[in-house]
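Asks: Here are the chains, one letter per residue:
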Amino acid sequence: MVVSDSGILKIHNKDKRQALELLYERYKKYVYTIAFHYVGTKEDALDITQEVFLKLFKVVGELKDEFSLLPYIKKITINKCLNHIRDRKEAVSLNKTTEEGEEMHCFLASEENTENSVHYRDTRRILEKAIQTLPSLEKMAIILRHVNGMKYEEIAKTMNLPLGTVKTYLYRGRNYLKELLKNQGIWEVSG
Amino acid sequence: MSCKLNAELLQELLEGTIDPVERIFVEEHLKTCHQCRKDLTEFKLLFWELEDKFNFEVYIPEELNQLKNVIFDKVDGLTPVSPSKMIMEQQKSVVKKSSTFLDFVPGVKETEKILKNGAKATPKALVKASRSVIRGAKILLAR
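Taken in sequence, the protein lines are chains A and B.
Mapping the first sequence onto the numbering used here, position 53 (from 1) lands on 53, and the numbers just tick up by one.
Heads up, the numbering used here is the position in the second sequence plus 191, with the first residue counted as 1.
Hint data in this document are derived by calculation from the structure and do not stem from the laboratory.
All C-beta atoms in this analysis are idealised placements derived from N, C-alpha and C, irrespective of residue type, glycine included.
A short, non-exhaustive set of chain A residues, derived as facing chain B with CB atoms under 8 Å:
(1) 20
(2) 24
(3) 32
(4) 33
(5) 36
(6) 37
(7) 49
(8) 53
(9) 54
(10) 123
(11) 124
(12) 146
(13) 147
(14) 178
Computed beta-carbon distance windows for the label pairs:
(15) A:18 to B:284: 15 to 25 Å
(16) B:291 to A:164: 42 to 52 Å
(17) B:324 to A:3: 46 to 56 Å
(18) B:285 to A:14: 27 to 37 Å
(19) B:215 to A:168: 18 to 28 Å
Given the sequences, and given the hints that come with them, work out the whole structure.
Replies: Here you go:
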């Protein structure tokens, strides 16, 4: 039997544990997937998932029955992801180099330079890596738009940013990805 | 020589969010600008990669299920689960996992059906058998 979100909130009044278990089962993959694309490693993604659910479980008792949970969960997940990167000094310094563009290109190219990997053009892996090197806000916008298939307006609402800013992040992010993927030589574009 | 066309317009064209007037303008521009045509092709390829769901498939680790217990331990005011129940649940998941392969063995489902039907038929058979035993006993007693 599928219980609606408001149904879960009603159950919460009677049996807290059961409601939280239902919530966890329903949204664990969703939260983990966003987190994984954002941070790129299993351990960090699990950390974020834990933080998101702890936060959600703390406030869930105060939510009203007709409250829709998904947008709220998206918001917490995004905040936790963005903060996670901010908390980690290493990752921030990596992001800073990306803003200078050229340096990041050299870094990525050198990693893929062996003859084998040139022949083994694993687009998926290269794309994953390229997304990881994006600055945090650009990265989040790209993930929400292309992995989660969200609309511009929805992204703006969830990230708490003006629509124009979201568009700029997306344009900039995609431009950057295009250049990176082109430099990796996975496309052979002529003319 | 780089073109002065706003590169964002190319992305808007592909996303379908472009203003109709700008669309005409960009399409006209593309007829004459080699560089923008090339950029557009590259963006098309990028969009194609980004739209490909296979590129974003995520392996869900087993730890995600175990994480539930860690989180629940940290939440206040939950009714604690007894250790025996936890063991039972673990056992259940072990059995469930170890028998997953059965779903893929041909013929297993059929056998299950036959067994079930057999199980339904048994009570009737038992009643019949016990009746005949009673009848036999009566005959014996009468003699």
